[in-house]
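Enquirer: Given next are the chains, with one letter for each unit.
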Amino acid sequence: MNALTQDTSSQNLASYNFAYLDEQTKRMIRRAILKGIAIPGYQVPFASREMPMPYGWGTGGVQVTAAIIGRDDVLKVIDQGADDTTNAVSIRAFFAKTAGVVTTTATPDATIIQTRHRIPETPLTEGQVLVYQVPIPEPLRFLEPRETETRKMHALEEYGLMHVKLYEDIARNGHIATTYAYPVKVEGRYVMDPSPTPKFDNPKMHRSETLQLFGAGREKRIYAIPPHTEVVSLDFEDHPFEIQHFDQPCAMCGAEQVYLDEVVLDDKGGRMFVCSDTHYCESRRADGHCGALLGDEPGLGAEANTRKEAM
Amino acid sequence: MSLSETLDAPADEIAPAASKPLLSVNQLTRVYGSRIGCADVSFDLWPGEVLAIVGESGSGKTTLLNCISSRMTPTCGTVHYRMRDGASADIYKMAEAERRYLMRTDWGFVHQNPIDGLRMTVSAGANVGERLMAVGNRHYGNIRNTAIEWLSRVEIGEDRVDDQPRTFSGGMRQRLQIARNLVTEPRLVFMDEPTGGLDVSVQARLLDLLRGLVSDLGLAVVVVTHDLAVARLLSDRMIVMKEGRVIEAGLTDRVLDDPRAPYTQLLVSSILQV
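In order, the protein sequence lines correspond to chains G and U. Here this note's numbering is used: position 277 in the first sequence is 277, and no number is missing along the way. Here this note's numbering is used: position 25 in the second sequence is 25, and no number is missing along the way.
Everything labelled a hint here was simulated from the structure, so no lab data went into it. Take the hints with a grain of salt, since some may be wrong.
Quick list of simulated restraints, FRET-style, between CB atoms [stated by the list, open to error]:
(1) G/His-175 - U/Asp-199: 38 to 48 Å
(2) U/Thr-73 - G/Arg-218: 32 to 42 Å
(3) U/Ser-57 - G/Glu-242: 51 to 61 Å
Coverage of chain U stretches by chain G, computed from C-beta distances (three or more under 8 Å per stretch; other residues unrestricted) [to be verified]:
(4) 82 to 94
(5) 182 to 193
A short, non-exhaustive set of chain U residues, derived as facing chain G with CB atoms under 7 Å [unchecked claim]:
(6) Ala-97
(7) Gly-129
(8) Glu-130
(9) Met-133
(10) Ala-134
(11) Arg-138
(12) His-139
(13) Asp-162
Cβ coordinates follow ideal geometry from the N, Cα and C atoms, glycine included.
Work out the full structure, taking the sequences as your base and the hints as a guide.
Expert: Next up, the structure:
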């Protein structure tokens, strides 16, 4: 990577500090992360910085990644499970330029995975770190607008209100209709918003081997789930938590039990369902799996740019 | 002194719970800078008793109510509450968690304006069920059935259980607020002008309902009102306040039929006779 030369070269005065943020800021963020790990699910306030991207594009996640990334790390960035969308491409390029790290789209190769909304289908392992970009860290926000009050509710463990929301869902829809940002209770103590991940991914957080870090840039909060932590989705005894189910396998790779995106094909009602995790879909196709709509082009190599066809 | 204490102690243990006050307010004062909110108020409230606090606007009724219901810290004075285990506790010396737990289980607070006491964006059933969920009830069917039962007790039909309170009339909202407070079967309910802003016929029905619920459940109630008719209908005893101080206290019938303080006489005589 050409960026490797950049950080060793002191003659280039205009170069960025490693991973963009200055060292003091990174120390401050690391302290917040450590506190977050020590108190699973607790939202630690931190002095969020302006980043060279708009709020809502992952400024929190980028700051967390910048604080923990090292020269040997391999970075993967996904946006809704895809490696090739604007947000993912930009953030990957950002760290390739400012930190000179190796980037990848392969989940098993990555040491740090920054994500917006999805947890990769490939099970994550010990040693990997998953960094979430969080828009609104406060699970009680839409029920109780006062920040002073929600902090007190967390402090005193008053979470009855969270169930009012779920009750309301059932009263209106007959089932719990919250499909993303589904509230969880971490290690039996803090109720946490798992960022807008689909509830499909909630069970993956439970006793995960991976360290999970959450950064909310605009709201200036960091929280964490250390490895092997209990993460329980809230529910009612007579309306237990359920993940989404799909009636058909992925149209490209035939995978089942994965989260699918709906893709509209034409203006006559045609649609297909494909894996939201693009790397997972590609690696399955490289292994010879074939979905209903893949057509007669088997044997696509792993390095082939199959993503364009998927779109 | 020591003799009387040793003599009193066994007598207290023998005495049945009902002979001890539920709420004991002692020399309660709240000042706003140099202005007086309420000053030097003392009274006891027994289980099952309804106490009315009356007085004109600005006489310190609401300040007093907020101070005794732990919503506003008094400048000085104490408020003791006898918990379900029989022990008496100073509510301002409790941990905040304990006080808030008390407020949503053993106490109720009915606001003058139902919007302050309800969640307007969730259904009536969720409004009633909130306290149940706050104390750990996690069975949707049971919560909903309890909510429906309470709605019917306050004369709201089962078909309105999934409607939001903003679609309700003023009287219905007030009744919903009462149901929401009573669902955990509290022992003490504070009411701030519960019939304020309702028309006369709705007021009458609400008072009738309240009177029935209070006697059925054996509730102790502190009701703040400027309407002497409300005090007459609901309360056993009343306190008359003027300029932050209690000027007269006694049984409701006695105070209203035989007012002693000049101000109370004025207040009673100013009721419009139709």
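Enquirer: Can you name, in rising order, the numbers of the hints this structure does not satisfy?
Expert: Violated: hints 4, 5.
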